[in-house]
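Using the hints, position chain B against chain A.
What follows is each chain in one-letter form.
Number of protein chains: 2
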Amino acid sequence: MSYQISIQKTQNPKSKPDQNNLGFGQIFTDHMFIMDYTEGKGWHDPRIVPYGPLSLDPSTMVFHYGQAVFEGLKAYKTPEGRILLFRPKKNMERINVSNDRMCIPHIDVDFAVEACKTLVNVERDWIPEAEGTSLYIRPFIIATDPYLGVRPSWTYKFMIILSPVGAYYKEGINPVKIYVETEYVRAVKGGIGYSKTPGNYAASLIAQVKAKELGYTQVLWLDGVEKKYIEEVGTMNVFFKINDEVITPSLEGSILAGITRQSTIELLRASGVKVTERKISIQEIYDAHAAGTLQEAFGTGTAAVISPIGELNWNGNIIKINDGKIGETSTFVYDTITGIQSGKKEDTFGWIEEVK
Amino acid sequence: MSYQISIQKTQNPKSKPDQNNLGFGQIFTDHMFIMDYTEGKGWHDPRIVPYGPLSLDPSTMVFHYGQAVFEGLKAYKTPEGRILLFRPKKNMERINVSNDRMCIPHIDVDFAVEACKTLVNVERDWIPEAEGTSLYIRPFIIATDPYLGVRPSWTYKFMIILSPVGAYYKEGINPVKIYVETEYVRAVKGGIGYSKTPGNYAASLIAQVKAKELGYTQVLWLDGVEKKYIEEVGTMNVFFKINDEVITPSLEGSILAGITRQSTIELLRASGVKVTERKISIQEIYDAHAAGTLQEAFGTGTAAVISPIGELNWNGNIIKINDGKIGETSTFVYDTITGIQSGKKEDTFGWIEEVK
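Respectively, the protein sequence lines represent chains A and B. Each residue of the first sequence is one higher than the one before, starting from 5 at the first, in my numbering. Each residue of the second sequence is one higher than the one before, starting from 5 at the first, in my numbering.
What the hints contain is simulated information worked out from the structure, not anything from laboratory work. Computed from a predicted model, the values in this text were never measured in an experiment.
Because identical chains share one entry, a pair is satisfied inside a single copy or across any pair of copies.
Derived EDC-like pairs: lysine to aspartate or glutamate, alpha-carbon spacing no greater than 16 Å straight-line:
1) Lys161 - Asp40
2) Lys18 - Asp129
3) Lys214 - Asp104
4) Lys193 - Glu230
5) Lys161 - Asp61
Isolated chain A, as found in the complex:
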């Protein structure tokens, strides 16, 4: 696409927030990117405009039938003032995978990356510089037909909004306690589990609330057919280290193909670690723990990068992993990926794209 992105600057820039107290996803920058889709016309009118509310008819399809997809990635500012994105093309490619499942028209991947970079560049002063902070980028598409019939919409909005976010681990990484969910199901093969679409998150809330009430940080999801095989942890992919082999559930259609997941696999393999993608049952984890061969467990995702698992509760059977401490593999993956993302470590993988 050779679209020109029009830019309309705000007349009322907001004051920048305190970098030491950013939280996550609550503060938004001065501008946003919007592009419209109209059946027969395609995507049109890409523009950067002042951040502000959307005006939508109450019958707008996304409110009723949830036809929508989204992505999440981060921009980092290096000590020298360079602005770095981590594998942004992967996110925009994944939007189209999600779009296919949701019957939403494809976006042009290269143009979407360019739109993202252009917006980040406009907002470069919003990227926090304190250790561990970043600018969270949220691309998303919503169905906008004002119509209550159940069918794919004929109009959409593709938007990108930005939020400066705080360090995920302010006081060092603490392994979390995870509740193995055996009642509720997140997704099943043939469903929408591999698509980054609102319905998956809506479906997961009840188990998250239950886990928190029981004193756990998140849930470990099992497959919806046999409640036997491990799927994801909360909204992250999950890895286990058993007998010096790192194992993660294979992509069978019910879990998200995480970009941090893929980067973790590539990084570990490049470092000579054996990584296997396969079905792995919760029983196997408990057996490995009993045999003394379960060394580490951790989640991977954009928000935390790595989240070590210190404890599992499966039907009341509680096991501690690595004495509840962060393990060497988790530490290595976390330090390397965050180092590359923030420009402090050399990027030998070609993962970084600079915003100029």
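For chain B alone, kept in the frame of chain A given last:
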């Protein structure tokens, strides 16, 4: 609740549409009902205001995490000018069932029915009178926190909008051709299938598009575990008449507890027909057809009330049901329920509530 509903009338009433060309869900009336929820304060400020767009921050949770529920029912105007609702309390009770799964706070059922009646009464001139037409009522709740974190929202909007809709069957009821879907899955036990929430509809679009491309009106969903048991047809519940017994899938957590489904069961049982709710496999339907005992098949839902199935295609095996004609049970259920709904038949069940 003893809430007072404030009413602000529009200064610019729209002109009423042509009653013979209404379609479905495209035209909306002059007013809408809104009530807000704020954590710690509960539901507040119920009001009827001029119909118009919602102004929502782009980070509003419903766009990203799909936390929302909805309902659908109809108001009818009798030849004498009475306004009738069909079992409205059932819809408002079901909203709370959906709310529980979606971690949305309960609404007060009686108050919601009152809100619905009050709005319909304000818009009584919008209820079409032509044969088969009605006023479609869409109550819905959306999560409104401007926040990108994944957790239940602390604020919501409960709204009711109204749309005059045309006769579903303008040229008489024609049984439809249905494609038995064996690749995509709508829902699974432990998931959100029994909740009337956007994610279920988003998940279903791809199969609907595929069926239409193959020349079929809708899909028949099979269970997500074994792809063996029948679940729903499109967005309707489904019934089969075999050997003078009417069978419908039991509510196992993955299908919607339809109000037309329940009314059909109650009506048929009151008429001396044997009705069984149980698991029923697609193989059993094909076996019954081969044995000559499959007499009828039909879907039930608010939009069409009854939709007879004339043909099934399961992995290329095509069977015709009742020679592709509407059967006596479908006709009886359709005539009786639409007769009661429109005030033309006596309501011996106490299903009707009049708006005064």
